[in-house]
Amino acid sequence: MSLEKITNPLHVRHWLGDMEADYIYTLGVAGEHFLEEIKENGRIMGAKCPRCNITYVPPKMYCEKCFAKLEKWVDIGKKGVVHTFTVATIDVDGKKLEKPVIYALIKFEGACGGLIHKIGETKPEKIKIGMKVEAVFKPSFERKASINDIAYFKPAE
Amino acid sequence: MSEKIKHYSGEALKSADIEEGRVPTEKCRPKAKFAWSAGMAMSRFLEELKNGKIIATTCNKCKRIMVPPRIYCENCFKPTDGWTYVKDIGTINTYSVSYLAADATRLKEPIIVAIIDLDGASESMGIIHKLGEIDPKEVKFGMKVKAVWKPPEERVGAITDIKYFKPIKEEKP
Amino acid sequence: MFGKKRVAIVGAGLTLFRRRLKETGKELSYEAAKMALDAAGMELRDMKSVVMGTAPDAFDGVHMKGEYLADGAGAYHKPYTRVFVGGGTGVFTPLAGWWHVASGQFDTCLVVAEEKMSSCYPHPQYAFTTIFDPILERPLGMNLIWIFALEMHRYMHKHNIKKEQIALVSVKNKRNALDHPCAQLAANITVEDVLSSEIMAWPVQRLDVSPTSDGAAALVLASEDVAKEVTDNPVWIDGVGWCIDSTLWTNRDLYYPDYVECAARMAYKMAGIKNPPKEIDVAEPYDPFDYKELHHMEGLLLCKKGEAPKLTAEGVTQRDGDLPINPSGGLLGVGNPIAAAGLMKVCEIFWQLRGEAGKRQIPGDPRTGLAQAWGDLMQYGSVIVLRR
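Residue numbers (the working numbering), protein chains in the order written: chain A, 1 to 157; chain B, 1001 to 1173; chain C, 2001 to 2388.
With the rest of the complex left out, here is chain A (with noise of 0.2 Å):
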């Protein structure tokens, strides 16, 4: 004898629900110090390993290949390349934007890492592999220690 099974689809069941949670997150002894800098001085900081001879950007609070502490912090300037990059035509919601967006992700001379950002001021067609772009910052009143108090990186000389 086995169990009597369902045979009839609507008999079985979905069950709806959520997982809703609000989170606050604290932005941690590097990250803080990192989006600090943007936030009142317009700077790019990166972290430095003198062991490794490794600038970490976003900076780190520790070396992940040698576990040194770093407490050594580098301007490493506005100016980045775009190592890779991708053209956004729907929003998380899979709808589709009024206007496609660009998100690359920016590499910096002498650093390990990079930030993932919005290209602004040019079009998709336009951008490519390996060309030189710069951070354009919101207006000082504006930023909240925030990644996005950088406005979106644009096309440099």
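Errors might be hidden in some of the hints.
Chain A is faced by these chain C residues, among others (derived, beta-carbon under 10 Å) [to be verified]:
1. K2026
2. E2043
3. A2070
4. G2072
5. C2120
6. A2127
7. T2130
8. P2139
What the hints contain is simulated information worked out from the structure, not anything from laboratory work. Ideal Cβ positions, reconstructed from N, Cα and C, are used throughout, including at glycine.
Dock chains B and C against the given chain A, drawing on the hints supplied.
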């Protein structure tokens, strides 16, 4: 090494540091919605609740009558063998008088929650539900309780088709 | 057992436990891991494998938290595993580290546990409710405290235990924590304080419960050969055990944790322990609630069923008693960043057996200790037996 370590890391923050914006933070509310499949056993269970009945499954090997029902016996690790109804009457196995809502906000009037071992099911086959029509002080371990159902037209096939369990007077022989 | 290597703990590290810390989870992991490495006199490059223990992603609010934390745990370019068994994670993490080394595959393993519960705002409670069955239990408005209240009440009913007897655990642990440099809720309180604290879900009151916390802990594990090179006083992992009971938690009698007994028997057998109360010199059973310490002492076979309250009242479980229980101050006193709290207990036994616990040091030159954690839906036990 504990007594040899002189410094322990960590910088404590107060709620006010966050609420008053003294410390920068990022906020987020994930927008995740789900449709959980009730599956074979639970779909039937919910359908039966709509009919005002509680259904269990049975295992012929260990002879257990299991509620909530399941399509496999986790003890014998074999498919269960049949459906059977159990009573909507049971015994209070344990209970709590809760002043907490799901989100940890405080309730003025407490709710009583209990694990109820249902008559007709195997020993310790409890389900969790609320108690009603009783003062928290009157609740006792081992007390007999009966399901209070919503009217049939209000039932949707949910555990909340049972409003709560209420005490029943045990008939004297 | 054929081929099994002996495994030692050679270093331990811990951050502060607090309601809310500024550091990110990665940074907390780093601080604890670095401290453990420094204590062992070893470098990250000496670590051949890394095990991270951390509880639900819903606390930190980072999905795939194991991967997120990896670089802070020192796992960059290394064999890395994240383990998770609910509240049992903290003690399960060194068990997973143990098999990395005991198998002979790795000479060393860096074991890290982290939790940052403050990200879930304003309170992690809502994230906790999502552990329940979405169809049968969540529609009732479940609160995590309920299941503890139901279990505690059943335990009290079965053995006719009074709240006054249980409150002694909270009093003891919060006082023990006064000597712990990382403690979040160390205090001198009385039984009356516990009994007059806010009723949350009877019989659970505010001071019966450990707090939510941020924090991290870490251990360095090494094979016998490596351990003898780096230290003169290794602490050996001589017994490991873990066990899970049915997910259907309303389908069993909650008065006794069978699954803890099962895990303990596995660990005792491996360690050759025949008479636990006689052979265990110090223990750190999991105490997220005061009654849980008693419940777990019984499940760990450190006393008979229903006998733990009596031993507590007699002072047996105090630091200077015959069987010191939670000399660290436990979760009730030191705090409860879930996975990190369990590993904090293993750190404590490590320090106690090395005679390095400072003001918390128990007398009598302890040689054998035990730590245990518990978790999931009243169903998981993880046990570790350590020897000097």
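Going back to the hint list, which numbers does this structure go against? none
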